[in-house]
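Now for the letters of each chain:
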Amino acid sequence: MTRPAVLTGKHFMHGDHACAEGALAAGCRFFAGYPITPSTEIAEHLAARLPEVDGVFIQMEDELASMATILGASAAGARSMTATSGPGLSLMLENLGLGVMLELPTLVVDVMRGSPSTGLPTLPGQSDVMQARWGSHGDFAILAYSPWSPQEMFDLTILSFNMADRYRVPAILLADEVVGHMVEKVIIPPEDQIEHLSRKKPSRQASDDNFQPYLVENADLVPPLAHAGEGYHIHMTGLTHDERGYPDMTAETHNRLVTRLFEKIQKNADDIIRVEGYELDDARIVVVAYGCTARSARSAVLQARAKGIPAGLLRLVSIWPFPEKIIRELTQNVDHFIVAEMNLGQIRLEVERVAHREVKGVHHAGGAMIPPEPILAAIEEVAK
Amino acid sequence: MKPAIVAEKHPLDDLIRADRMPHIWCPGCGVGIIMRCYAQAILDSGIPLEKHIIVSGIGCSGRVAGYMKLDSYHTTHGRAIPFATGIKLANPSLTVSVFSGDGDLAAIGGNHLIHAARRNIDLKVVCINNFNFGMTGGQVGPTTPKGAFGTTAPYGCLEQPFNLPTLLKACGANFVSRWTAIHVRQVKDDILYAFSKPGFAFIEVLAPCPIGFGKSNGIDDGLEEMEMYRDRSVLIQGETFNDEDLVIDLRSEHPIYVGRFVDRDRPPFAPAKVVQS
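Chains as they are written, first to last, in the numbering used here: chain A, 1 to 384; chain B, 385 to 661.
I should point out that these hints are in silico values taken from the structure, not numbers from a laboratory. By construction, the Cβ of each residue, glycine as well, lies at the ideal position given by its N, Cα and C atoms. A couple of the hints might just be wrong.
[As the list claims (entries may be wrong)] Okay, the calculated bits of chain A under chain B, using three or more residues with CB under 8 Å as the criterion:
(1) 44 to 54
(2) 57 to 63
(3) 73 to 83
(4) 230 to 243
[Said to hold, decoys possible] No farther apart than 30 Å at their CA atoms in a straight line, the calculated lysine-lysine pairs in the DSS-like style are these:
(5) B:553 with B:530
(6) B:435 with B:657
(7) B:581 with B:435
(8) A:10 with B:657
(9) A:264 with B:453
(10) B:435 with A:200
(11) A:307 with A:384
(12) B:453 with B:435
(13) B:453 with A:200
(14) B:453 with A:201
(15) B:453 with B:581
(16) B:435 with A:201
So here's chain B without its partners, still in its complex pose (with noise of 0.2 Å):
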């Protein structure tokens, strides 16, 4: 029997670029899932789609904003903010988001991120954490655990990683939060709610890349990171926590807390007018 057709057409199609499937991702990828989540919020939040604009950088979460039918700017390797930033101030009326990962935004495009946070800056940054180079097959970076293995650490991480959250808080962003690739709900309520509030957002949302980070850490499967993520992630609300709580360190039974840690009012960024005399 043929099952019964039960939609025509997809709620997200008008969001997606058709034309553009397959996309890159491996299998087991985290990107997809949180592109969902960021078209699904731009469904829900009533704004029309021409005046919604995504930037990316390079890497894997770079190709996002290929995907979006929307206008669409994949720009150079961490310059992703800079470029979001003359978007925005050149037209204010847009909702400018950047989707981009880890390496693009903290190691190349980390001193962007840290100004565009002190300027407080009206975009909304969906930062994507698998915690390695992906694209380029499994390098260690800036957000790589301690201890954990890359092609270019092959004896461990020797170094201490950023803790994004907490750096996002120090430099003054109005909203920051943390999630995993299985808190679908939570970052999608999280980009909907940074949409309708003024200044600099970051969702951290921690990602699987079993080909990438995973082949070279004993985590090969998606769906087994994905139990990791289930089974300890701890939601901690408001900023009653410590800083060294937000340390990942994905080998011991250290919890992984998720949840909002920042959510202020601070003034965003807005250039000098001169009062017509």
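Extracted from the complex, chain A is given alone in its bound form (with noise of 0.2 Å):
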């Protein structure tokens, strides 16, 4: 008995399990990666359903492969991805590069631990935030969603798809352990509702040599992108190139590809941002929290609103690009901004980068989750 690809109903499902059945539904077919805490799950899951639904699952030598691998995947058409944690994710960085500047859409999952280096693999962490953002080397703009729950780790890995897709960049989920091996409900949709953006296609035929690979032909700053095997006789490098997709190792093209790079993303924030607010209206202390520790915080948020305090929680279901507008317009109305995160002040330093004021830190470097109690603390010092 072969399983279908959509497993339409309600679920009780683990947090890595519901990813790839997300990755299914969005209609991944390839999956490339190398086992690693707490992402493993995944993979295992997907060797066994993959070839269910006429899809390729490949355990590669380490995760320099699994990158590079899911990258010519996604050259030849395929929807890519795999599935790591931090030590995974450092060594995939290289060619996360390659996928941002040959503008070729997967997905990285990173299901995060406690670290540097090996840390704590079995336990969680929120510190590769801005290893997400800022790891490969140079100038760029990347895609990032950090799911809440086990029902978030199955929708926004349909997101992360549609996106890098729309835009052609690689995505990574930032989900963290506790989510990724947490077990909850999970609904998934008939197939027929479940959202599929394609990737854009050249609108030339493969014969007219006048095609040009790289050539911006809308206002969303996207090419359209032709797959290996279609005819069109594409280059692809990772050397700064024109819009032939040939180098040129000139400043000008340099600074118009990159800028470009950066500004397809930036430009279209507003379609890729996705955030949640609870009691935001009359809030004069936000709290801003993403994945596992979203859930202390709105808990926090609650029990000061029963003691009187009108605190809300801006919750960062997508991290990267940053929601500057969002937290720019609360900066009007708002005290007190606080960050709940489980590392040292990454995404605090962001707001107060935004908000252009000292941001209180609720911060701990990762092994456990940060409880309701000390998020409550800081909302009624502040409060004071």
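If you follow the hints, you should be able to join the two separate chains into one complex; please do so.
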């Protein structure tokens, strides 16, 4: 008995498995990866499931190979993905940059654990946030979403694939060990209700010698994508290249290319960004949190409200690009920002940068979820 | 008297990105010769051009991808094989070739090389071995013969080099051969043969690098190295050789053994399939 690609129905599901099912529902038929805790269940689940839906599962020799392989699969037209944790992401960053430069969409799931180095393999962390943003060398922009539940492991995996394809850029699902290993209700909708954004295809015929694979035809700054084997005889290179895809070692071309790679994300940020607000309308104190920490933050905000403190939660469903406009708008009516996160201040510094004020941080280096109490204490302290 | 035009078009015109000429290779370099063998093999294969994909890593040999008028991918240093693996598995109808140098494939990409051969994945790898890192100016690498000089080995290379054909044989590749840049017919024939043969094919081609390797080792003329290959190459067929025979020592009178060393039919990698019930 083989199961269909979309397991429509109500499930009690493990977060990593929900991510894998989200990938299948999104039409992903290619996984290349290397085992690493706490993401391994994604690979294990897809090793069983992909052959059921005529997909490809391959376990690679390391994360360098995994990342290169999913880019190759993407170049040949597949929705492809890998799953890893901090130490593996470090190795993938080299080819993440290649994906940015070639503009090949793919998905990297990073189930974060306590870091740096080998850190805490089986315990949670949220300290890869800046590594995801800036880890590969050079200026570029990237997409990252941060699920806070197994349901969002499913939903945001689909969204990540759609946005990666829409903007021709690798996406990162920045999950954490708590959410990855949590078992909770997951509702999988009917197949026809799952959104699918397709890659932009060239409007020119393959026989048209004037086709330029990196020529932008629309205001969104995203060129159409021709796949290997379609006859366009395209050239893709990690070297600085012109609109033909040919290497061009000039400052002018380099500045034009890198600026576009950056701006195609920044200019479309409103379409990419997702946030969720709780009790924000009249909030004077706003807690900013993401991933599993947002669960504690919501609890702390509700407890503060019960005590009459006008607190609210801004949950970052997407992290990169950073929701600068939303935070800037909040700044007008908010007295205090608090950032709660399982690292020593990576997003706090971002909020300080955007809000132009000192932001209180509730930080822990990782290993255990931040409970509601220290967040509530921080709310009460600034409310004084 | 004006010479008569004997052909309007070179038979390989459709395969080369003429708008990218001149190429970057130095006078006396062997890479272009081997690229020409590949182009001829593609023409002879009868496989439609759009089904031929070329993937390269970084280095002088890595630039081949950019000059071939095919779907062509110039990737990161050492990662051409896993990138090509993704293309091949996502679209098995494509004939995917990897064109790169010894430094790219055997140094930084060494782990991918041995595992791809172990999987026996259906890729055609042409490894241009010029015994050094040419693009960066002649540093030693894992194929530099012991005692040879490089800019990072001013007192001579201290390390035992890889013997690539025996390495690939041990790993499980279906097809392994070695030639030199003077064996243009054999190189073309082996690439063509590899196109039709499922599994991992590895064709090593020794090539002159007069500017990078040659200048430190008294062979700074490409023709001189080609003459050495002509004089010292000894053909051996089949698997009737000692692994030690294939070690390359350019300074002694040790022959350079060339030929097809492995030609077997182990099943290539195929993803798991669950039969629908």
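Cross-check of the supplied hints:
1. 44 to 54: Answer holds; 5 residues pass the 8 Å Cβ test.
2. 57 to 63: The restraint on the stretch 57 to 63 of chain A holds, since 5 of its residues have a Cβ under 8 Å from chain B and three suffice.
3. 73 to 83: holds (count 7)
4. 230 to 243: The restraint on the stretch 230 to 243 of chain A holds, since 10 of its residues have a Cβ under 8 Å from chain B and three suffice.
5. B:553 with B:530: holds (22 Å)
6. B:435 with B:657: holds (24 Å)
7. B:581 with B:435: With a Cα-Cα distance of about 16 Å, the restraint between residue 581 of chain B and residue 435 of chain B holds, given a limit of 30 Å.
8. A:10 with B:657: holds (27 Å)
9. A:264 with B:453: holds (29 Å)
10. B:435 with A:200: Measuring from Cα to Cα gives roughly 22 Å; hence the hint holds.
11. A:307 with A:384: holds (13 Å)
12. B:453 with B:435: holds (12 Å)
13. B:453 with A:200: holds (23 Å)
14. B:453 with A:201: holds (20 Å)
15. B:453 with B:581: Roughly 23 Å between the alpha carbons, so the hint for residue 453 of chain B and residue 581 of chain B holds.
16. B:435 with A:201: Holds, because 19 Å separates the two Cα atoms, which is no more than 30 Å.
Hint compliance for this structure: every hint is met.
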